[in-house]
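**Q** Chain by chain, the residues run as shown.
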Amino acid sequence: MKGQIQIKVTKRSPAYWRVTFDHPPLNIFGPEMLPQVNEIITALETDEQVKVVVFDSAVEGFFLIHLDFLANLDDLAHLPPGRTGLHPWPEMLGRLSRAPVVSIASIRGRATGMGSELALACDMRFASREKAILSQFEVGAGLVPGGGPMAQLTRLMGRGRALEVILSADDIPGDLAELYGYVNRSLPDADLDGFVDALVGRIASFDKRTIMDTRRLVNVAGLPSDIEIESGWNACVASMARPATQERIKELIGRGFCRPGEAENRLGDFVGKHAPSMERTQ
Amino acid sequence: MKGQIQIKVTKRSPAYWRVTFDHPPLNIFGPEMLPQVNEIITALETDEQVKVVVFDSAVEGFFLIHLDFLANLDDLAHLPPGRTGLHPWPEMLGRLSRAPVVSIASIRGRATGMGSELALACDMRFASREKAILSQFEVGAGLVPGGGPMAQLTRLMGRGRALEVILSADDIPGDLAELYGYVNRSLPDADLDGFVDALVGRIASFDKRTIMDTRRLVNVAGLPSDIEIESGWNACVASMARPATQERIKELIGRGFCRPGEAENRLGDFVGKHAPSMERTQ
Amino acid sequence: MKGQIQIKVTKRSPAYWRVTFDHPPLNIFGPEMLPQVNEIITALETDEQVKVVVFDSAVEGFFLIHLDFLANLDDLAHLPPGRTGLHPWPEMLGRLSRAPVVSIASIRGRATGMGSELALACDMRFASREKAILSQFEVGAGLVPGGGPMAQLTRLMGRGRALEVILSADDIPGDLAELYGYVNRSLPDADLDGFVDALVGRIASFDKRTIMDTRRLVNVAGLPSDIEIESGWNACVASMARPATQERIKELIGRGFCRPGEAENRLGDFVGKHAPSMERTQ
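Protein chains in written order, with the numbering used here: chain A, 181 to 462; chain B, 181 to 462; chain C, 181 to 462.
Some hints here could point you the wrong way.
Note that the list lumps identical chains together, so a pair holds whenever it fits in one copy or between two copies.
What the hints assert, rightly or not - Dumping the calculated DSS-like pairs for lysine-lysine here, alpha-carbon to alpha-carbon at most 25 Å:
#1 Lys453 x Lys191
#2 Lys430 x Lys311
#3 Lys388 x Lys430
#4 Lys311 x Lys388
#5 Lys388 x Lys453
I should point out that these hints are in silico values taken from the structure, not numbers from a laboratory.
Using the sequences provided together with the hints, build the complete structure.
**A** Structural data, given as structure tokens:
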């Protein structure tokens, strides 16, 4: 797969870019996608005309999901830190939240793990009522999520609902995501694209400098600090290294995790049903 | 208009004051209203019996809207700073949030710009489901909002929804305002006054010292610092001074902005449709 | 009553404990319950197998309500401070929020005063749509709430709704509690137990270390500091000492407060209707 482009950038106009995840059948996050995301964010940071970027998916049923644990992950661990000293993944997310471009996640299908984290790093999230499912499945696999959902979800929906979302590791459909503030709104699937396009059209017609000066002040009130994000990342790395977690992931892979089928189609149920024997204290 | 009173104070009882914006036909915020607001807030700060103040409107269709850009704005720029060093407008809002009186915005009609900012500085906001429309239209006019909505809305509804409200510069009707937490609740228009009166009656029957000691602690958790508000105000002033913004406002005025008619009746649509040519990069 | 156990701990499994308030007829919080709560929290802090604890009630109509003002409260005032220097009550709540166990309030009946504060200290709150009523009634009795609701509710629902809940001192039924984020969700009464059990089953099957490392990071973003809580407690103690408050509580007791009947069955109405004469400024 290496070298293949799985994330497509379409410039609908100089001001309106569309970034489409196109890595069938699961839109699973392969390590090779990290440099692609990096390149796109760098382009968004440096282009002078782009005002709005929409992230969406070309793969039925999946917006963007978690890391591909079947891939060779060695490269990932050894990536040099970014400019802020953070690991490249959380750093890219923070750069997206601060880049001089308004970012919108248009969510159809499953957004979990890194897919949910990318959506949370965007400025806004709109979900298909029928087809969107958001989650942070990690705790169900013995992992602390690494890309900031503890910091982001707590700020969006408060401590109680954030703990439910993250500790249950369960699927959150569109309407519940709207109730909890996980997404801005959940819209009928047939209306989602039209709604997002109209919103982009409005914002793209406004003055870029004004937009960015305004957003900087929302970020002051709404974005977590790098230190808080780093603390979450370190907990993620530590959890990944534990033998119990390695066992847990191996067991889940044995049952279909990271491959097309029921495991990924119903990930919330899957991690809930297949509790590792070591944990069967109930 | 100078010298005329456009904001009426009615004391329904020593404990319950009503402040009514009565500046037909638009309840537009003329520079001459600033000293009137200041006087009212000073009275609220110093009166020993008032416990609750309700802000409402006597003008059909408009709660309180933005600055009157057709007025002579020179005085506004040269007003001496208030006690905290902030510009008088954001300072008055902060004083209202901290004054020893519970403040409630009862919103019928449009609340945009300074009208929305005043509502956000109140302790609570209740909206007519059929008749309330809230917005921060400023970004659509090339302006960074100056009275704190980046700080306030982000704390009320989270970063994602705050960015949508402020960057879309679009109309937010009562029910969406309730979903997003822009208002406490949206009520059927026929129930709004009765609901607010009953709530005021309750609170006004309680001990003032207890109310204020309690509210001070909510403010610790929920109010932005003066420095954050000042940063927003400075961004507003800088945006106002840009030639592109001046052009933009001139163009909008040419199309009916700040005068009765379709522009103000449908301000969200208006700023979305009439994008300045310089910004037509799409 | 002293020495009697009013809070029952059932271990459904080593990982899943149930703490049931069983102090009929009101589940009123007697001073003798404080050491019982302390003992339970200590057990939750030190047990190595427990992963989830659910708080519920065995008393029809009441989850857990306020302090019993008919009891001898001398002991309460003279309790030595806890490890953090806080009064034992707010300290226990903070310990619960940080204990290495996921805590869930399953709310049927009234949760007010300390009952609401305990629910807010839990990680999650689920409410019976038909039978749950939450409130902080204190301001209606001339008291500043002492167990942190100004800090907690403001973080859960924003300043405007928190001020409404606390300053109105009124009853908040299940659905409104859900809209405001006072609870995670309001569920049909018939579904509540099944929902909570399923959620507990999931979480109890996951790795305890992972759960706790994850929750610690949500706490960083979502829990108030001890200093903020202490400030609220001090305001509570000061309000309690005021003669006006003592008069107010005496008057309410004369009308049925703290005893079975209409006063406690409709506490929101009760404190709203019986305003003390000294406060009749309307």
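**Q** Find the hints from earlier in the document that the structure breaks and name them by number, from lowest to highest.
**A** 2 and 4
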